[in-house]
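**Student:** This is what each chain is made of:
4 protein chains.
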Amino acid sequence: MKKVKIAIIGTGRIGKMHIENIANLREYFELVAIADSHNSELEKLAEKYQIPVFTKNYQDILNNKDIEAVLIASSTDTHAKIIIDAAKSGKDILCEKPIDTKIERIKEVLAAVKENDVILQIGFNRRFDHNFHKIHEYVAAGSLGDPQIIKISSRDPEPPSLDYVKVSGGLFSDMMIHDFDMARYLSHSEVTEVFANGAVLVDPNIGNVGDIDTAIVTLKFANGALGVIDNSRQAVYGYDQRAGVFGSKGQAFSQNDHLSSVELDDAAGGHLDKIPTFFIERYTQAYVDELKSFHTAITEHTEPAVTGFDGLQAVKIAQACLKSLKTHQPVVIK
Amino acid sequence: MKKVKIAIIGTGRIGKMHIENIANLREYFELVAIADSHNSELEKLAEKYQIPVFTKNYQDILNNKDIEAVLIASSTDTHAKIIIDAAKSGKDILCEKPIDTKIERIKEVLAAVKENDVILQIGFNRRFDHNFHKIHEYVAAGSLGDPQIIKISSRDPEPPSLDYVKVSGGLFSDMMIHDFDMARYLSHSEVTEVFANGAVLVDPNIGNVGDIDTAIVTLKFANGALGVIDNSRQAVYGYDQRAGVFGSKGQAFSQNDHLSSVELDDAAGGHLDKIPTFFIERYTQAYVDELKSFHTAITEHTEPAVTGFDGLQAVKIAQACLKSLKTHQPVVIK
Amino acid sequence: MKKVKIAIIGTGRIGKMHIENIANLREYFELVAIADSHNSELEKLAEKYQIPVFTKNYQDILNNKDIEAVLIASSTDTHAKIIIDAAKSGKDILCEKPIDTKIERIKEVLAAVKENDVILQIGFNRRFDHNFHKIHEYVAAGSLGDPQIIKISSRDPEPPSLDYVKVSGGLFSDMMIHDFDMARYLSHSEVTEVFANGAVLVDPNIGNVGDIDTAIVTLKFANGALGVIDNSRQAVYGYDQRAGVFGSKGQAFSQNDHLSSVELDDAAGGHLDKIPTFFIERYTQAYVDELKSFHTAITEHTEPAVTGFDGLQAVKIAQACLKSLKTHQPVVIK
Amino acid sequence: MKKVKIAIIGTGRIGKMHIENIANLREYFELVAIADSHNSELEKLAEKYQIPVFTKNYQDILNNKDIEAVLIASSTDTHAKIIIDAAKSGKDILCEKPIDTKIERIKEVLAAVKENDVILQIGFNRRFDHNFHKIHEYVAAGSLGDPQIIKISSRDPEPPSLDYVKVSGGLFSDMMIHDFDMARYLSHSEVTEVFANGAVLVDPNIGNVGDIDTAIVTLKFANGALGVIDNSRQAVYGYDQRAGVFGSKGQAFSQNDHLSSVELDDAAGGHLDKIPTFFIERYTQAYVDELKSFHTAITEHTEPAVTGFDGLQAVKIAQACLKSLKTHQPVVIK
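Residue numbers (the numbering used here), protein chains in the order written: chain A, 1 to 334; chain B, 1001 to 1334; chain C, 2001 to 2334; chain D, 3001 to 3334.
By construction, these hints were calculated from the structure, which means they are not laboratory data. Treat the hints with care, as some may be off.
Claimed, not checked - According to the in silico footprint, chain C covers these stretches of chain B (three or more CB under 8 angstroms from chain C):
#: 1; region: 1094 to 1106
#: 2; region: 1204 to 1214
#: 3; region: 1248 to 1256
#: 4; region: 1261 to 1271
Quick reminder that beta carbons are idealized off the backbone N, C-alpha and C, glycines included.
Please model the complete structure; the sequences and the hints are all you need to start from.
**Tutor:** What follows is the structure, given as structure tokens:
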């Protein structure tokens, strides 16, 4: 297998996880550089993973002809510029979601990617989850017939900090965006209309800064199917991630993974183990498989499993939901 | 235990099931009469269950001072008149849903019931289901904290005949009405607004006669919770009946009952037994428990488990959904 | 369908359950008589179920030419004599297990049944359970290939009274006898050897009266398969009844039925509903299906689903286990 | 955290897996050397993982004062000598099971370990499995009360090669030995007696070389509990690994992990995903956690999670089973 020389831009929580995963994928990647303009412990990190190059300036990485690919895990507001710069320097790109919060800017990004004929994969990691991927496969294989009803439940174990909520772009852009991509992934179709109900049921402070913490969104799809997504910022029992597709030949739905399969029966009834409470714990293998998939796209120069167009569509749906919430009307997506 | 002298009006499919159940509840009821204006085998039926009186005219039953209660299982268009007549003759009443399709007429019925101080219980049998009742109890006990998200899936194994669809009043009034009641039952709150999406995905003929066969309805509740119901007229895997409530302290959700608990593992994977495909098979015990509950209401002269008001509310929600579907707007329920 | 005129001999706990079930199987049976030499409330019972004849002397029933079949639910020590008497009077017979505790006596019974060409069905009700029957069917259909390992767990919710334990014949004859029949039923083969381990872990008083309360028995089958049964007199979480067959093409195993399918998730983990704690609650439908099966054997004069030979074999295995426990040696069954 | 300098002796299938895991545990270990007398691609392996030292002679490793610990994954017949040599050179040791096949030799090994005051941990990886560990914890916490019945099912997806079977020491020593350790681990007690049933049901060739491929072993424990283990060399549905403990206050049992949680429902019933078919896939995380546990034992110089005594006991039980199989008698273990 060809080893791809890769660099990582952005070394926050997600960036660090990617460093660990890439370092362990010895046969797939050679991690040759990391960049971060803020991280004061960059050298230490480089040392730990025996990464030859570390720099505050990501341009150093783009200028390095040896590096074939970059993984962008910096803050959202920097994504668009770095992608465009990386595309111009001919690097293949894996970028965390979202590309940008503005549709026009995303289109500029996609144009640059196209012009420079580089790979751009978006970090919708859940597509690589064993449960969701299995449902997707059942639909693709026709096991469910025509998809008619798509259902997704996605609930975080606890709300982010208020400071984060303020700059997050709101529940639809920050949290439900994963589910919009999942809806497209599971239905094998496009969302054509949304109607959004939102509420502040978890923490009034979230409402005070102009966001919601609970939402149910109904969807219409181009293939005629109907769908629904529910989100909550706080599921006290853990990180609740489930989906199901109902079709003309059957249905497929996933359950939450539990930390063990053990059932305890006592005089009070049956008891099951907890479910994960942290997204990295829940999607451990998905993040690894995302990287393997990126490796394939690079080495075979094929369309990645999650394209820039996928990144664009999810943002479009999120903006339609926000409009629906504000107008209390269904909103068509073109 | 006091044995209640009861009569059954209407001996179609549901009526026959009630006869069987009441006959077996020997300590609760004495089944003294049946009435049906159409059934040509009424005498045979009376003989089989050793029922002393059978008649084409339900007035015979109402005139019988010995009879304390009636169960109305005749066609929908006769419900209102029979309830009013029965109330006037002082009988306690268990009536299949819906009371009527018109709000004003339902109000007249409720007024008659109130005036004559008789028990009126509506046949929302699913409230007595072991799964749904358990969720209801968890909410009542506070185990889930404040309800925030209510989800109901309800899918029939196959569509009714087109002839039936034409006179059914439509999916919302005929099928989803059970789920509207369930939504109120599980949330312990009132529905204040709906938004309905509908589609014809199962059979174009259903669309041709002006109905839909697939629907997703989102709900708002007086207590602030959000909800969603999905319906399909055709689940090829059986009679799919599930619900869940998510709240501030946890969630409770039910699965479909399978015909056995056996898992078969072979080289192709794991295999589970089928789920029931017939509503009487699925709700066997619920229909029995419904009768026991009616017995309690009669003998203790207490409010029944499903009141006339419950019957009214479900119809109101159904009508709001129909309006939402037609206007493609959210509709407030007063 | 032909209605069979039947009488019940013995009206204790099990007898009463059979009365209720037979009374409800209106199209299958006409319950014309009950007999019990001890029950002081026999008349009341007859009245409740509108049974024309009640008598202290079961011979009255055998003398009644109208009665075609008898169900024997009297105490174990009376089974053999009543079966022989009933066979001589030409009645078809359903008898609760065991036929007798002595092999020779059972053989006399079987001879009488054969001589008089009547149906004798033994009350191993668990063969009619939805879970165990499904496994049996999978084996019969070849879905599991050749059976290789048979596993049965059978645990009572609580020990019987010490007075009962004293006269019960011991755990193998009284409790595990059901599992011996189940082992034969699921394996479709005969048990050829046993090795029994027993212990007193639940209540020392059970040991003081010469019995055990916990046991694991390993089995060899004529078809080469191996098996194991475990029993406990006290499972605090309910009536634990599970089995599994492993074969060359796969395995099938059952789980306990829960009172509902609801899963509650809270901060402590997941929680399931209880399982039944009473054998009549667990095997409600099995007892009904046992009667339907008996009806078929009578009206078609075919071999019953559980034969006298099945009754004999289970007692043989129980006695071999007792011998194995005492000698601490494997015991061959001929 | 202190990084332990470690070397691996033996680089076959298991050895390679340990190299990968240790290389990824960057904060726990520094993998400084590998040794293998047969592997012709040792240099390549060292290069891939950037391991400074590779050698055909494990003595080079023992002579290296820098190395603090060794992981022994060489062939079984070399274990005892290497452990003794490593102990004499003061290295802490993690050795794959079994220590040796002879009790006396194992005792020599344990003596050497004690004399040199080094850590010896045995590679019973299943103790670190999320499912089995959870049951162990429930027992330790008293959630199940006194353990009364221990049940273990352990079935391989397919038999090893006949060549392997010939030198494996037989099913008890090679395969069920893991379950003997599991029985002790779950019961928190010692096995005092066994009775073994064995059969050749999978492949007659296995019988021809003097081994069995199917077995059920019953156990008695020092704390009074009874137990049973069943093994098959061929479960066509995958690598079947389950256990359960039943006690005075309840039971805990595990299910097989499936590759996904997705349930597919179609007209034929429900369908579940497959279970793993490879032990490394099934115990991926357990092997990692085994290493972490070894790290703790080394750095805190505490008793390892699996001691040399545990290794001794499992071999003792295996030998007793072989004797029981041959004599067809229960065998006491002293």
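**Student:** Work down the list of hints and note, for each, if the structure agrees.
**Tutor:** Status of the hints after comparison with the structure:
For a cut-off of 8 angstroms, the count of residues in the region 1094 to 1106 of chain B with a CB near a CB of chain C stands at 0, and the three-residue condition is violated. For the region 1204 to 1214 of chain B, the stated coverage by chain C is violated: 0 residues have a C-beta nearer than 8 angstroms to a C-beta of that chain, whereas at least 3 were required. For the region 1248 to 1256 of chain B, the stated coverage by chain C is satisfied: 8 residues place a CB nearer than 8 angstroms to a CB of that chain, which reaches the threshold of 3. Residue count for the region 1261 to 1271 of chain B with a Cβ under 8 angstroms from a Cβ of chain C: 7. That meets the three needed, and the coverage hint holds.
Hint check: violations occur at hints 1 and 2; the rest are consistent with the structure.
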